[in-house]
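Undergrad: Each chain, letter by letter, is given below.
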Amino acid sequence: MELHFDYSGLYEFLYSVSSWLLWLVGRAFEFIGVDSDNFFYPVRQFLTDQQFVYFVALILVALIYLVAGLLFGIQFIWMERKFLGRFMDRRGTQVGFLGFFQNFADAFKVLLKAVIIPKDSDKRVYQFAIFGILAVSFMLLGLVPWDNNFYAVNVPLALLLGLAVFSLAPFTLILAGWSSNNKYTVIGGMRGAAQLIAYEIPILLVVVSAVVMTGTLNFAEMVAWQQNNVLLFIPLFIGAITFFIAGVAESERIPFDLPEAESELVEGWQTEYGSLGWGLIMAADYLRAYIVCVLFSIIFLGGWAGPDFIPGSVWLLTKAAIVFFFMVWLRAATVRIRTDQLLKFCWNRLLPLAVINLAIAVLIRVYSVGWW
Amino acid sequence: MTEMWVNMGPQHPFNHGLWNLRVKLDGEKVTDAEPVIGYLHRGWEKMVESRDYQQIIPMSDRLCYCSALTWSHVYVSAVENLMEVEVPERAQWIRVITIEIQRLASHLMWLAAVGTDLGSYTIFLYAMRERELFLDLLTNLTGARMTYNYMRIGGVRNDLPENFERDTLRACDLLEKRIKGEYYQLMDQNTPFRMRTIDTGVLSKEDAMNLGVTGPNMRGSGVDFDLRRDDPYEKYDEIDFEVCVEKEGDSFARYRVRMREMLVSCDIIRDAFKKIKEGPVRVKTPRNAPVGTAFAHVEDPRGESLMYVMGDGTNHPYRLKVRSPIFVTVSAAPKMCIGYKMADIPAIMGTVDMCVGETDR
Amino acid sequence: MTENTKMNEEQIAEAINNAFPDGITSIQVAPRRVFLTISKDILLKLCTTLKNELGFEHVSCVCGVDMKTHFQTVYHISSYSNKVVTEIVVDNISKDKPEVDSIAPLWGGANWHERETYDMYGIIFIGHPRLERLLMAEDFKFFPLRKDFDGGRRVA
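Chains as they are written, first to last, in the working numbering: chain A, 46 to 417; chain B, 71 to 431; chain C, 844 to 999.
Okay, chain A solo, but in the shape it has when bound:
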């Protein structure tokens, strides 16, 4: 077997890497004389089996996404700290190059803290909720491609699946809030669930309008459509604004961070979490913000479309960072609003806007396709 890697996609690439590695292992077994009558022959057979190659490739994909996801979470935290620092007339983090290593220091600090589980909490649910919220975030991360070739899975209905996964988050919030057995967490969990469910509706409507425009539920085809025609940001301007605001609410950030409003609910549904559990929840939070930014750039800003001298994934991440900059700006400039105002804002403002946006999309599609 010659050394030949398949560069057509992340998964294909990793599959060829793992099959090459396991071929090497097989040759090593052969070299030390493990053949058909040897005691260790089943081990050799198992290691070089096709199924095992798939398995190793999957593990590699998951690892890469885990590491990349956490790194991006940390990078977004760094961006937020730096931007917020500048907005607030201070310098922001200072450790390491441009303060980038402060987050690693914080992550290690959180990692080393003692794990304290409340005595009267429902311990299994309490611990499951961490992994629930993590799973939601990482599943979304896996669904979102970075490039035409760089993705974990490429399912035809990726957008629909992604939104379905997104709507799992309220359950984990309620689980976390309820199992902690604390009044603040219960209120926080309830608020979180109400908020996420309410704000999913405008997001769905806006996404439907994008689907109407492009005629596909697949991210790659959506980007290709925008490359061929126009960035959806231009015809669906109202929808883009609505999606952005609803996305800020979905990722629970100021001014919509009611579930964890620290001045009234201590830390909302996360109050009873500490140590690594809290650290993972925090990372998952930022990951959700990151995913909202990436979704925004894919749906409205053409994703990885851009001049060729810069790789597509870099384009995507740059666009996501720009979107995130606006999120941080919003955080620096506003105060937290109240639950009833939040829901009123959703039903009275965002929902009509989303419907109008859908109507615009349908009208454009029906009457003047290809006017650009």
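FYI, nobody ran anything at the bench for these hints, they're computed from the structure. Among the clues, some could well be false.
DSS-like, lysine-lysine: derived pairs with alpha carbons at most 27 Å apart [claimed, not checked]: (1) Lys116(B) to Lys911(C); (2) Lys849(C) to Lys116(B); (3) Lys411(B) to Lys164(A); (4) Lys894(C) to Lys883(C); (5) Lys317(B) to Lys990(C); (6) Lys317(B) to Lys894(C); (7) Lys984(C) to Lys116(B); (8) Lys275(B) to Lys894(C); (9) Lys940(C) to Lys116(B); (10) Lys317(B) to Lys926(C); (11) Lys228(A) to Lys317(B); (12) Lys389(A) to Lys411(B); (13) Lys99(B) to Lys354(B); (14) Lys275(B) to Lys888(C); (15) Lys317(B) to Lys411(B); (16) Lys99(B) to Lys389(A); (17) Lys938(C) to Lys116(B); (18) Lys168(A) to Lys158(A); (19) Lys888(C) to Lys940(C); (20) Lys345(B) to Lys228(A); (21) Lys911(C) to Lys883(C); (22) Lys99(B) to Lys275(B); (23) Lys99(B) to Lys345(B); (24) Lys883(C) to Lys116(B); (25) Lys411(B) to Lys228(A); (26) Lys168(A) to Lys154(A); (27) Lys990(C) to Lys940(C); (28) Lys99(B) to Lys228(A); (29) Lys228(A) to Lys164(A); (30) Lys411(B) to Lys275(B); (31) Lys926(C) to Lys894(C); (32) Lys389(A) to Lys94(B); (33) Lys247(B) to Lys405(B); (34) Lys405(B) to Lys894(C); (35) Lys275(B) to Lys926(C); (36) Lys275(B) to Lys849(C); (37) Lys168(A) to Lys228(A).
What follows is a set of in silico ranges between Cβ atoms, one per label pair, in the way DEER data are often shown [what the hints assert, rightly or not]: (38) Tyr191(B) to Asp982(C): 36 to 44 Å; (39) Asp939(C) to Asp307(B): 42 to 50 Å; (40) Gly144(A) to Asp269(B): 37 to 45 Å.
Quick reminder that beta carbons are idealized off the backbone N, C-alpha and C, glycines included.
Following the hints, put chains B and C in place on chain A, whose structure we already have.
TA: Quick look at chains B and C alone, frame taken from chain A:
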């Protein structure tokens, strides 16, 4: 969901200091509230009964960490009334200036706290940045950053340092520019900020007067009364200044009153520097107070602070009673909180400007 | 309660003196101040007059004093419209039966001051809506600001 009692305190991010607001919640709506204080009770009034009159000055600084000078000022005023000491004119002017600087610092601290209560660290850091200007001024004057030990019975400890006037006026100009520019855009014109503060925590004029709420909180409810104007002490009768009154009585009105008061304080400082004259800053005072009683009340940044002192001929007071403005305002907290959402409580109690050090004493 | 004509401290002192010929031990007037010493029987009536007829809207302070042989309670009641502060000293409250009428039903601002005075001196305010410990713990057995309470040593 059935109604439940939630303890907001004594360790809770919304209360600045140790106190507890027990609220009864029906969903998110507050149906009952009960403030619980006493976590920071140090027995101040008992302690001072065994101290010299001079020794009490630094202790009165510790009543409130945000406005130490006004508290030592009300103490020395009460004792001066008891001893019938005439304070030199220059000392009175210096007291006016330093108290107004302290008021600015205290109001900025309040603004910072409101910022965090409403979830905006930008407001917090901006206000703290400006507060540092005035703390630097007071450091230059007294040598300490928060508890100054500057007031003396019969005057002040030392004269103004070199260039103090220039620095103070510069700081006031900068603050005025920021209040009219940055702060106005960041808060008055900020829709979420207005949504959170307008029509929450409404305290009617009658309730404010009856419940003994004083100071900016009362003026936010439309009562036109300021001890600096209506019962003048030191040299306030020679200064013409505006008393800021807002009619609405909600959190936003309290916020507006304090912001306008900061501008007025800047004007008072400018005016005082024009009228100040050379002269001594301190007179000799007797060590022992005569038998008798006296009281003094001044306009603290938080309201009317009063001290009632009873002397028995020795060098320590027989009885020294402190009337803290926030002590009474906290008792009005249920009136302000009931009927609003739980999320309004930080906005309401934040704009009231809690200080537990003087509440519990 | 609200009067159009403003009264100065002389007129207020005169009005009080006319309304309560007996019960007032001494009355002094200073600029913007009226100092009264009264017996405890007329306190509530005097305060009702102050509030309803003389335009005193605000209780600044209620405070107790331990005079070793007896207690005093001192009230600082001020008027926003007339800009006058009245200091009322209720003298000779016996130590065996420390009871005085509560003015909290008139002015809500006196509520916590009276609670604190009860907390510190054990003076019972008759008619107070809720006379409980405020600053000290609920199971605290002593009245710490009394002169016979030794603050320097831990008791029991």
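Undergrad: Work down the list of hints and note, for each, if the structure agrees.
TA: Okay, the hints, checked on the actual structure:
1. Lys116(B) to Lys911(C): Roughly 15 Å separates the two Cα atoms, so the pair holds.
2. Lys849(C) to Lys116(B): Not OK: Lys849(C) and Lys116(B) at ~40 Å, beyond 27 Å, violated.
3. Lys411(B) to Lys164(A): Roughly 30 Å separates the two Cα atoms, so the pair is violated.
4. Lys894(C) to Lys883(C): holds, 17 Å
5. Lys317(B) to Lys990(C): violated, 46 Å
6. Lys317(B) to Lys894(C): OK: Lys317(B) and Lys894(C) at ~23 Å, within 27 Å.
7. Lys984(C) to Lys116(B): At roughly 17 Å apart (the allowed maximum being 27 Å), Lys116(B) and Lys984(C) satisfy the hint.
8. Lys275(B) to Lys894(C): It holds: about 16 Å lies between the C-alpha atoms, which stays within 27 Å.
9. Lys940(C) to Lys116(B): holds, 23 Å
10. Lys317(B) to Lys926(C): holds, 21 Å
11. Lys228(A) to Lys317(B): violated, 37 Å
12. Lys389(A) to Lys411(B): Distance of about 15 Å is within 27 Å: holds.
13. Lys99(B) to Lys354(B): violated, 59 Å
14. Lys275(B) to Lys888(C): This hinted pair holds, its Cα atoms lying about 25 Å apart.
15. Lys317(B) to Lys411(B): holds, 22 Å
16. Lys99(B) to Lys389(A): holds, 16 Å
17. Lys938(C) to Lys116(B): holds, 19 Å
18. Lys168(A) to Lys158(A): holds, 19 Å
19. Lys888(C) to Lys940(C): holds, 21 Å
20. Lys345(B) to Lys228(A): violated, 58 Å
21. Lys911(C) to Lys883(C): Roughly 18 Å separates the two Cα atoms, so the pair holds.
22. Lys99(B) to Lys275(B): holds, 24 Å
23. Lys99(B) to Lys345(B): violated, 53 Å
24. Lys883(C) to Lys116(B): holds, 26 Å
25. Lys411(B) to Lys228(A): Measuring from Cα to Cα gives roughly 16 Å; hence the hint holds.
26. Lys168(A) to Lys154(A): holds, 24 Å
27. Lys990(C) to Lys940(C): Within the cut-off at roughly 17 Å; holds.
28. Lys99(B) to Lys228(A): The hint holds at about 14 Å.
29. Lys228(A) to Lys164(A): holds, 15 Å
30. Lys411(B) to Lys275(B): holds, 22 Å
31. Lys926(C) to Lys894(C): Given that 27 Å is the threshold and the Cα spacing comes to 14 Å, the pair holds.
32. Lys389(A) to Lys94(B): holds, 24 Å
33. Lys247(B) to Lys405(B): violated, 36 Å
34. Lys405(B) to Lys894(C): holds, 21 Å
35. Lys275(B) to Lys926(C): holds, 17 Å
36. Lys275(B) to Lys849(C): Distance of about 20 Å is within 27 Å: holds.
37. Lys168(A) to Lys228(A): Holds, at about 17 Å.
38. Tyr191(B) to Asp982(C): 36 to 44 Å: At 42 Å between Cβs, range holds.
39. Asp939(C) to Asp307(B): 42 to 50 Å: holds, 47 Å
40. Gly144(A) to Asp269(B): 37 to 45 Å: holds, 42 Å
Checked against the numbered hints above, the structure breaks hints 2, 3, 5, 11, 13, 20, 23 and 33 and satisfies the rest.
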